[in-house]
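Sequences listed follow chains A and B, in order. Heads up: the first sequence begins at 1 in my numbering, then just goes up one per residue. Heads up: the second sequence begins at 1 in my numbering, then just goes up one per residue.
A portion of the hints provided could be inaccurate.
[Claimed, not checked] Some chain A residues judged to face chain B by a derived CB distance under 10 Å, without partners named: (1) Arg52; (2) Leu54; (3) Pro66; (4) Ala70; (5) Ala71; (6) Arg172.
I should point out that these hints are in silico values taken from the structure, not numbers from a laboratory. On a predicted model such as this, the values are computed, not experimentally measured, just so you know. Cβ atoms here follow ideal geometry from the backbone N, Cα and C, with glycine treated the same way.
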Amino acid sequence: MRKLALAPVLLLCLAATPALSLSDKPYITATDVDFPGLLPPPPAEASPAGKRDLQTILDLEKNMTPERMAAIQRDLDQTVYTIAGPVLGPKFTKANFPLVGAFIDKVEKDGGVGVGPIKQKYKKLRPFQYSKDVQTPENIAKGAGGPTYPSGHSTSGAEVALILGMMVPEKREALYERGWEFGINRITSGAAYPSDFEGGHIAATLAVQAMMKNPAFRADFDAVKAEVRKGLGLS
Amino acid sequence: MRKLFLLPALLLCLGATPALSLSDSPYLAPGAFDAVNLLPPPPEPNSTEQKRDVERVLQTQKTSTPERLRLAQADARVDISRFADVLGPNFVPDKMPVVAAFFRKVARDTGPVVGMAKDCWERPRPFVVDAQIHPPGQMQQETAIAPGTAAQNTAPHGPGSPCLPVGPTPAFSYSYPSGHSTFGAITGILLANMVPEKRRELFARGWDYGESRVVGGVHFPTDVESGRIEATAMVALMMQNAEFRADLAAARVELRRSLGLSQ
Chain A
1 MRKLALAPVL
11 LLCLAATPAL
21 SLSDKPYITA
31 TDVDFPGLLP
41 PPPAEASPAG
51 KRDLQTILDL
61 EKNMTPERMA
71 AIQRDLDQTV
81 YTIAGPVLGP
91 KFTKANFPLV
101 GAFIDKVEKD
111 GGVGVGPIKQ
121 KYKKLRPFQY
131 SKDVQTPENI
141 AKGAGGPTYP
151 SGHSTSGAEV
161 ALILGMMVPE
171 KREALYERGW
181 EFGINRITSG
191 AAYPSDFEGG
201 HIAATLAVQA
211 MMKNPAFRAD
221 FDAVKAEVRK
231 GLGLS
Chain B
1 MRKLFLLPAL
11 LLCLGATPAL
21 SLSDSPYLAP
31 GAFDAVNLLP
41 PPPEPNSTEQ
51 KRDVERVLQT
61 QKTSTPERLR
71 LAQADARVDI
81 SRFADVLGPN
91 FVPDKMPVVA
101 AFFRKVARDT
111 GPVVGMAKDC
121 WERPRPFVVD
131 AQIHPPGQMQ
141 QETAIAPGTA
151 AQNTAPHGPG
161 SPCLPVGPTP
171 AFSYSYPSGH
181 STFGAITGIL
191 LANMVPEKRR
201 ELFARGWDYG
211 ESRVVGGVHF
221 PTDVESGRIE
231 ATAMVALMMQ
241 NAEFRADLAA
251 ARVELRRSLG
261 LSQ
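Bound-form chain A, shown alone (with noise of 0.2 Å):
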């Protein structure tokens, strides 16, 4: 059942994380969205298009600095808090705006049915397993232990662009341009091919696309709505 107990006099009393609660069921299921026939197979590495892939990783990393090296060690945090913060500006932390994380790390665990398994189904080697070439932070690779395709970071990226960008859509641009920046400090760090990349955007497109049918959804996306605009001040 879905409850919405809001006591704010009672929070400010227990100084307490708001008593909303989100939805306990599931905002989409594995028979929703056939994920594995609609991805496309990761290009294999010794093809055209996985040589592509790994020369774009290597073009890019020829153009590594010290800024760009931190901005990547900073995103390696999933939340919606460092994807969004940059453009939705400093107040944007879990202490205000309490209920969009939570929002957001269900929409990712529940959106898990779709790039989980197609992990698993192809159990692709990352960069840096499969090239010397590519140079990776140790504490980076470390991280990534996963198979590569799709990316996951690509997919949290490209799901906070798509929800957040309805929610305000003054900053829909912005966004989607940090949304996909996300996933991009990914493959400059060689932890992700431009295929993982594509394949996370492409998962979190149908995961959301099915999300939004949901009303349980739908009802958690209205009142995280609020929280976001009334938090930044817009009407």
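Based on the hints, put chain B in the right spot on chain A.
The following block gives chain B in isolation, referenced to the frame of chain A:
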């Protein structure tokens, strides 16, 4: 109502086109795919993303072999027979009335969505933006809008719409998203559904069909990616339509028989 009349003997007598009709209702209801909210906006003029897109077109054109450039020109034809590279010489759509009618109907039902999305963002083609980009052969001319064509922007432009205000009719059709890439991806996904034995090759061909547009300098990489996203999302929606699934099954039977594959 759905009608499926298979009367081969009668057809032979009449020498007519098959009286086999697919579903009359659209596979994809108008507005079912929320393109303007589900597709990323294209890079803005003069942005870093736009520069990267231009750079990638130039780089791709420079590194493409003459053979790849010829393939790009041949892929300008929007026709499922382009997939004969994968399915072999027996893949002759003219001899497969159900398959041909099915893909024609898919194109008819999905085409307006692509046009609407193009009208939403009104992005100019790469060769319009950068004079160093030269499409080979007829590829540039093939995107020209005939002079005197009535301006008809089909995108929503009201309050709350992410679409740009309606601009003057351009000399060349809009770039974003790529309709050829959408067609290539839809066709690849559906043929792979019918012939899973060649799944990998069919997807690769459908995706490469989109890449042909970048090779040709008539699309940006972001146009192509969004075309593929749009294709996948529209097939996901059509798959929920029972009439679509029934027609897909009928097309599969004919295709597999024609290719000599088991049912």
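The hints, checked one at a time:
Using the Cβ-Cβ criterion of 10 Å, the hint placing A/Arg52 at the interface with chain B is satisfied: the shortest such distance is roughly 9 Å. For A/Leu54, the interface hint is violated, the least distance from its beta-carbon to any beta-carbon of chain B being 14 Å, above 10 Å. A distance limit of 10 Å between C-beta atoms decides the matter here; for A/Pro66 the minimum to chain B is near 18 Å, and the interface restraint is violated. The criterion of a C-beta within 10 Å of any C-beta in chain B is not met by A/Ala70, whose closest approach is roughly 18 Å, and the hint is violated.
Among the interface hints, the one on A/Ala71 is violated; its C-beta lies about 13 Å from the nearest C-beta in chain B, farther than the 10 Å criterion. A cut of 10 Å between beta carbons decides the hint on A/Arg172: the least distance to chain B is about 6 Å, and the hint holds.
This entry does not satisfy hints 2, 3, 4, 5, going by the numbered hints stated previously.
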